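Per my numbering, residue 1 is the first one in the sequence shown, and the count goes up by one each step.
No lab work stands behind these hints, which were simulated from the structure alone. Keep in mind that a hint or two might mislead.
[Unchecked claim] Simulated pairs of lysine-lysine, DSS-like, Cα-Cα distance not exceeding 27 Å:
hint, residue 1, residue 2
1, Lys176, Lys146
2, Lys146, Lys61
3, Lys174, Lys104
4, Lys197, Lys179
5, Lys104, Lys21
6, Lys70, Lys174
[To be verified] Cβ-Cβ distance ranges computed for the label pairs, FRET-style:
hint, residue 1, residue 2, range
7, Thr83, Phe57, 16 to 22 Å
8, Gly18, Leu232, 41 to 47 Å
9, Ala95, Lys70, 18 to 24 Å
10, Asp59, Ile136, 46 to 52 Å
11, Arg123, Gly18, 37 to 43 Å
12, Phe57, Pro173, 50 to 56 Å
13, Cys25, Ile236, 19 to 25 Å
14, His139, Ile228, 54 to 60 Å
15, Ala95, Asp49, 16 to 22 Å
16, Glu183, Ser121, 48 to 54 Å
17, Lys13, Ser116, 38 to 44 Å
18, Leu235, Ser116, 45 to 51 Å
19, Pro173, Asp24, 21 to 27 Å
20, Thr32, Phe57, 30 to 36 Å
Values in this document were obtained by computation on a predicted structure and should not be read as measured data. Glycine residues also receive a C-beta, built at the ideal position from the N, C-alpha and C atoms.
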Amino acid sequence: MNPYFILDSLRIKAGVHGSFKCIDCHSSDYETYPHQGDLKLEPLSTCIDCHGGDENFADYKFEQIEEEFKKSTHARALGDQFTCSKCHNQHYYQAKARTSENVKDIVKSSNEMCLSCHDDSPRYQLVSESQSPKLIETHNWLPNQKLHFENVRCIECHTEVLDSLMVSHNILPKEKALKLCVECHTSDSHLNASLYKYKNIQARSQKGAVGNILSNKSYVIGAYQNEILNLLSILIFLGVITGVIVHTFFRIIKK
1 MNPYFILDSL RIKAGVHGSF KCIDCHSSDY ETYPHQGDLK LEPLSTCIDC HGGDENFADY
61 KFEQIEEEFK KSTHARALGD QFTCSKCHNQ HYYQAKARTS ENVKDIVKSS NEMCLSCHDD
121 SPRYQLVSES QSPKLIETHN WLPNQKLHFE NVRCIECHTE VLDSLMVSHN ILPKEKALKL
181 CVECHTSDSH LNASLYKYKN IQARSQKGAV GNILSNKSYV IGAYQNEILN LLSILIFLGV
241 ITGVIVHTFF RIIKK
């Protein structure tokens, strides 16, 4: 048995399609194991075949995702050769951005999709005549390169961000990649509309408006922060306000 053609059942169960049977997507011939070799030639359904036009999935906006994807450099260069499954493994895919509260977990999962081709020369050359890009050399202009790779997704700089979509699918040509540091490293950061979008929405729903304001990290992203000093500054601020109120109260009753 070729290990590259054996699926990990535990990873399948942990994925978004974990409750499916094989024949929900494949022909009934897949009930026989080992499968016949010619089954791999069967035409497969696309994501939009199942998810498009279904009210149960309306919140995920699959139709708009497909429209944005068709504008992307991948779709323009490769057409029908580049499908959803090139990035989203239909057997193992997990919607980390929607389910994880850990930003680094979201970053790792997203970047692994990009690196599965862009850091794998044999696979990259299956869809491209050019050599696999040398990521380190290509990003030599980027200061603290390792920190950026660990803490932000590739799509932060390589997609057009839309408020109407949680994850952008319009991958831009390399000439249009974001290279201005101030786009991210300001209080009005580009990342708040992309990487931290889920986190901000979760915070508003869980903490309410007041709680979100008190816990809001309105500092410049990427700057060093000390959580203890942040808490201390809030306590000092509340202490000053309390002192003013108490002082005003005693001034009033002594008149």
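Review point. What are the numbers of the hints the structure violates, in ascending order?
Key: Result: hints 2, 5, 10, 11, 12, 13, 14, 16, 17 and 19 break, sorted rising.
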